[in-house]
Amino acid sequence: MFNRDDDPALPDTPAFSRDMEQALASAARGTTSRRPSPAARLRRPAIAGLAAASAVVAIGAGIGIDHALGGRPASKSQGSSHTPGGAGAQLASFSVDRAANGTVTVTLYSNHAPDAAALRRALAGAGVPALVTVGRVCFEPGPVSGLGQVLSRPPHVPFGTAVVTITPSAIPSGSELSFGYFFLPGGKGGGIHVTIVPDHAHLTCRKDPPFGPRPR
Amino acid sequence: MDGWVRAVRGMDESDAGLLAATARGDAEAFGRFYRRHERRVLGYAIARCANASDVADAVGETFLAALGAAGRFSDHGGDAVPWLLGIARRVLAHQRRSAARRQRLIRRLEALPSFSPAEADAVDAAVDAARLAPELAAALAMLRPRDQELLRLVGRDGLSPAQAGAVLNMNPNTARIRLSRARARVKDLLAAAGEPEPAGQRREESDVQP
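Chains as they are written, first to last, in this note's numbering: chain U, 2 to 217; chain W, 192 to 401.
Hints were generated in silico from the structure; no laboratory data involved. From the three backbone atoms N, C-alpha and C, an ideal C-beta is built for every residue, glycine too. Fair warning: there could be bad hints in the mix.
What the hints assert, rightly or not - Partial list, derived from the structure: chain W residues whose beta carbon lies under 8 Å from chain U:
1) THR213
2) ARG230
3) PRO304
4) LEU381
As the list claims (entries may be wrong) - Which chain U residues face chain W? A few, computed with CB under 10 Å, are given here:
5) GLU22
6) ALA26
7) LEU185
8) PRO186
From just these sequences and the hints, can you work out the full model?
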């Protein structure tokens, strides 16, 4: 039998191999993420109006990206604005907190790509149906309705974090959020792209956000 | 630790043994199966995908499908490579055939990882390097798709003619005969185009005499 494991043309992919092995082990144990059933999804009246197609915030030294939310780049103060709520879930690379008024705040911390399944479960637990991808962002090309009602950004964001506040009740019926964690060029951190996608949309997925990182 | 060592010593580490253990719920067994064959599937995908993102999806979807089918693996001489590459082939065919299906897979498998940026660059470079020379690609394009794949499985993926036949659901003799004819056809086409026969094709010649 041929053994081409030492084929010099094959690149080394140790991080991918490690992550894939963990994901497969998780799947083999029957703990793969499961999308919420349609009945469990939020049913809300559709929101009229046209907003920007998506929102992007980035975490990275010297780079702030903020599209569509009208916020400002991450301030360079140290520390964290994280305040655990009643349904808060503090994990290694992100936190998800549900406030008393029903809004859900997602905080991503610098230099750690989130575990997609864990973030999806945390969001689902907070009442936010979401597709979560790491290393690629998925979206439905074209304008998106209602994003401005669903997403907002706190005025003060600690340096090294990306924070998005979600109003679950504003997510249009038959839709969910698509959270895509992407890597900034040159190892300068990562960012999160968020948009609304219909449940059965034909999505486009790519490594960068649809309008690309914009240094500022 | 002693108990763990004893347990490993008592386990059937053949592909069939690991897949049988996987079907019984042993996640670690599938981890060992993955480590054993990951690079073979990676190489297969690199030679057939357009970019690193597609390669990552193909590898992940192949092993997830293998995980789901572990209990149905029948021992092909103890070697699961033809079975695994057969799955990879179907995964890639489905990807090409139905973008919508692929989107559903992506959404279902959202927890699957992708390459790091540095790894993606290296895989993209490998994808570029794996592209066939235009003359050879043009000659292959004159063959039937299954004969093209037969040549690739033997010349590029390192399978024996019998293993390549197993991937394509051909019996070994049929595979050898079709391979020999396909090679002769490519040789004639390259000669007609004024190109020398590729070295990789010559290297396998002695293996395929019917």
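Now for the hints, and whether the structure bears them out:
A least Cβ separation of about 6 Å between THR213 (chain W) and chain U falls short of the 8 Å threshold, and the interface hint therefore holds. Taking 8 Å as the C-beta contact cut-off toward chain U, the hint placing ARG230 (chain W) at the interface holds, the least distance being around 5 Å. At its closest, the beta carbon of PRO304 (chain W) sits 4 Å from a beta carbon of chain U; the interface hint therefore holds under the 8 Å criterion. Interface restraint check: LEU381 (chain W) against chain U, minimum CB-CB distance 22 Å, threshold 8 Å, status violated.
Interface restraint check: GLU22 (chain U) against chain W, minimum CB-CB distance 5 Å, threshold 10 Å, status holds. The beta carbon of ALA26 (chain U) is positioned within 10 Å of a beta carbon in chain W (closest approach about 5 Å), and the interface hint is therefore held. The closest approach between the C-beta of LEU185 (chain U) and any C-beta of chain W is roughly 9 Å, which is under the 10 Å cut-off, so the hint is satisfied. The interface hint given for PRO186 (chain U) holds, since its Cβ lies 7 Å from the closest Cβ of chain W, which is under the 10 Å cut-off.
In this structure, the one hint that does not hold is number 4.
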